[in-house]
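Peer 1: The lines below spell out each chain.
There are 2 protein chains.
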Amino acid sequence: MGKLLIVGSLAFDAIESPFGKTDKILGGAATFIGLAASKFDVDAAIVSVVGDDFPQKYFDLLTSRNIDLSGVEVVKGGKTFFWSGKYHNDMNTRDTLITELNTLADFNPIVPENYKDAAVVMLGNLHPSVQLSVINQMKKRPKLIILDTMNFWMDNTLDELLAVIKEIDVITINDEEARQLTGEYSLVKAAEKIHTMGPKYVVIKKGEHGALLFHDQHIFFAPALPLEEVFDPTGAGDTFAGGFAGYLAATENISFENMKNAVIHGSNLASFSVEKFGTERMQALDKTEVDSRLHQFKALTQFNIELQ
Amino acid sequence: MGKLLIVGSLAFDAIESPFGKTDKILGGAATFIGLAASKFDVDAAIVSVVGDDFPQKYFDLLTSRNIDLSGVEVVKGGKTFFWSGKYHNDMNTRDTLITELNTLADFNPIVPENYKDAAVVMLGNLHPSVQLSVINQMKKRPKLIILDTMNFWMDNTLDELLAVIKEIDVITINDEEARQLTGEYSLVKAAEKIHTMGPKYVVIKKGEHGALLFHDQHIFFAPALPLEEVFDPTGAGDTFAGGFAGYLAATENISFENMKNAVIHGSNLASFSVEKFGTERMQALDKTEVDSRLHQFKALTQFNIELQ
Numbered sequence: 001m002g003k004l005l006i007v008g009s010l011a012f013d014a015i016e017s018p019f020g021k022t023d024k025i026l027g028g029a030a031t032f033i034g035l036a037a038s039k040f041d042v043d044a045a046i047v048s049v050v051g052d053d054f055p056q057k058y059f060d061l062l063t064s065r066n067i068d069l070s071g072v073e074v075v076k077g078g079k080t081f082f083w084s085g086k087y088h089n090d091m092n093t094r095d096t097l098i099t100e101l102n103t104l105a106d107f108n109p110i111v112p113e114n115y116k117d118a119a120v121v122m123l124g125n126l127h128p129s130v131q132l133s134v135i136n137q138m139k140k141r142p143k144l145i146i147l148d149t150m151n152f153w154m155d156n157t158l159d160e161l162l163a164v165i166k167e168i169d170v171i172t173i174n175d176e177e178a179r180q181l182t183g184e185y186s187l188v189k190a191a192e193k194i195h196t197m198g199p200k201y202v203v204i205k206k207g208e209h210g211a212l213l214f215h216d217q218h219i220f221f222a223p224a225l226p227l228e229e230v231f232d233p234t235g236a237g238d239t240f241a242g243g244f245a246g247y248l249a250a251t252e253n254i255s256f257e258n259m260k261n262a263v264i265h266g267s268n269l270a271s272f273s274v275e276k277f278g279t280e281r282m283q284a285l286d287k288t289e290v291d292s293r294l295h296q297f298k299a300l301t302q303f304n305i306e307l308q
Numbered sequence: 001m002g003k004l005l006i007v008g009s010l011a012f013d014a015i016e017s018p019f020g021k022t023d024k025i026l027g028g029a030a031t032f033i034g035l036a037a038s039k040f041d042v043d044a045a046i047v048s049v050v051g052d053d054f055p056q057k058y059f060d061l062l063t064s065r066n067i068d069l070s071g072v073e074v075v076k077g078g079k080t081f082f083w084s085g086k087y088h089n090d091m092n093t094r095d096t097l098i099t100e101l102n103t104l105a106d107f108n109p110i111v112p113e114n115y116k117d118a119a120v121v122m123l124g125n126l127h128p129s130v131q132l133s134v135i136n137q138m139k140k141r142p143k144l145i146i147l148d149t150m151n152f153w154m155d156n157t158l159d160e161l162l163a164v165i166k167e168i169d170v171i172t173i174n175d176e177e178a179r180q181l182t183g184e185y186s187l188v189k190a191a192e193k194i195h196t197m198g199p200k201y202v203v204i205k206k207g208e209h210g211a212l213l214f215h216d217q218h219i220f221f222a223p224a225l226p227l228e229e230v231f232d233p234t235g236a237g238d239t240f241a242g243g244f245a246g247y248l249a250a251t252e253n254i255s256f257e258n259m260k261n262a263v264i265h266g267s268n269l270a271s272f273s274v275e276k277f278g279t280e281r282m283q284a285l286d287k288t289e290v291d292s293r294l295h296q297f298k299a300l301t302q303f304n305i306e307l308q
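Residue numbers (the UniProt record's numbering), protein chains in the order written: chain A, 1 to 308; chain B, 1 to 308.
A few of these clues could be false.
Copies of the same chain are indistinguishable here, so a pair counts whether it falls within one copy or spans any two.
[Said to hold, decoys possible] List of simulated lysine-lysine pairs, DSS-like, C-alpha gap at most 25 Å:
#: 1; residue 1: K189; residue 2: K298
#: 2; residue 1: K21; residue 2: K76
#: 3; residue 1: K57; residue 2: K298
#: 4; residue 1: K206; residue 2: K189
#: 5; residue 1: K298; residue 2: K206
#: 6; residue 1: K86; residue 2: K189
#: 7; residue 1: K287; residue 2: K298
In case anyone wonders, no lab produced these hints; they're calculated from the structure.
Just chain A, same shape as in the assembly (with noise of 0.2 Å):
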């Protein structure tokens, strides 16, 4: 059972969607990596902040999947992040209602003493200096880093995300993203010329079209399992990171082998996560599900020809 630090946001979401919308519902990246790691038997902690209108039954919800908050500040009289968008017909778009940062706008991660040898750290989308504070607070080198981050930052932060994407292992990222990193529309380049930006692994995620792990000349790719119906995509990219990182965090093997298996994982879960509003499939789901699924991902994507 290996230690995975997860850093990122807990947030209030406001979804609107071709299926019906919501009021302030959980949302954040920490929530949805959580959720999702937590499948796995990991050691996992949120380091994040709120305000005090965050309200303990979500506290509670995420300790009880075993996730330790000792690393989420509680800030009094502050105000929790809050999002809300509005996706199009073709569930792949979406409009940007409103960002409230909040408390959000002057974090300090500060990372628990004992998590401070984790063998995983995922860190998830925030503003790339709060991502390197945390990297330079560990004790030792983790085994795996990952970062997760979006354009925003490319327009907004670039030198500093530059900074912190020397220091990690593994980037996900989406594919506009990538090509707006590198400046290259093929993928497999792009690819190319993020090896050389610092990290030695690139999952290019693709949303319904699946996910593409890149290492060296190698090239993974895992689809998105045909959904009748998609309902909202919101947090389906954390919930393949965290479903990503919690497998290999839990396996404690950072094999390029193993971390296919991690990419399936993270693909699986991902497909229930756009299955409700919010985290509601992800609360839900249990085991017997999640196996059933794999099954699956097998049928998907095994085949069998003989090859010398």
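Assemble the complex: chain A is given as a structure, and chain B must be docked to it using the hints.
Peer 2: Same frame as chain A, now just chain B:
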């Protein structure tokens, strides 16, 4: 060695892409299908029509691949079908600049006597009445009838198209066309609807995002091989179909398990086709290259998660 009957266009193509432009070169659905299918141990024949402007060297090329051309009508004084298109920078979208049907406008397909018992029939993209006429000329029901089509026929000859779709076993269609044909955005739902129209097998082609094979509740997915450069996507779908049909005809095994392999072989050949203009890459392709890339497909997709 099974018999494979191919119906489709032999054509001149003129292509513009960000990588350059061509004069009139060899194109047409039957050409790409035939070249791909001839990589397998099949007894293939093409039924098509050309004008007497179609050069002998193109006939020689196809004949050298053991493709029977006795079903190709040469119209004296007629001109061969001509298509010209221009690809945008993303290589996924294109504008058609010129379509001259020429001899294809009055195409009356005649199936050669000794191919009226072909085990596999591959109906390339053509007027659905032409496709239906070929089916009706068969002496006995082929083991497998595969049909490729496009949005043009949905827009203009939907009733005829639905009539031929009812008679076939496998339809290959792209994602947008599947949505247009069914009114369903979800490809899972679209495939379910198409099953009710007749075909027991539905292949949905997603270009650079791979291809899905649906059969009842079963789904199989083959990614497109990630490439450094996509040079010219013309004929990729036909090459896929030709590899799919050729492999099934050669193995004479139309089980779902074997159809998975056929999808991989089709994807594998299509990955070569796009690397050069027109048929150039397919003409030069040897078995060692094909096998080596099959190894890449295995590495790309196969993983090793133990399940109960």
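Peer 1: Now tell me if each hint is right for this structure.
Peer 2: Right, here's what the structure says about each hint:
| no. | hint | result |
| --- | --- | --- |
| 1 | K189 with K298 | between (29 Å within a copy, 21 Å between copies) |
| 2 | K21 with K76 | neither (30 Å within a copy, 66 Å between copies) |
| 3 | K57 with K298 | neither (37 Å within a copy, 46 Å between copies) |
| 4 | K206 with K189 | both (16 Å within a copy, 21 Å between copies) |
| 5 | K298 with K206 | both (20 Å within a copy, 20 Å between copies) |
| 6 | K86 with K189 | between (32 Å within a copy, 24 Å between copies) |
| 7 | K287 with K298 | within (17 Å within a copy, 28 Å between copies) |
Consistency with the previously given hints fails for numbers 2 and 3, ordered from lowest to highest.
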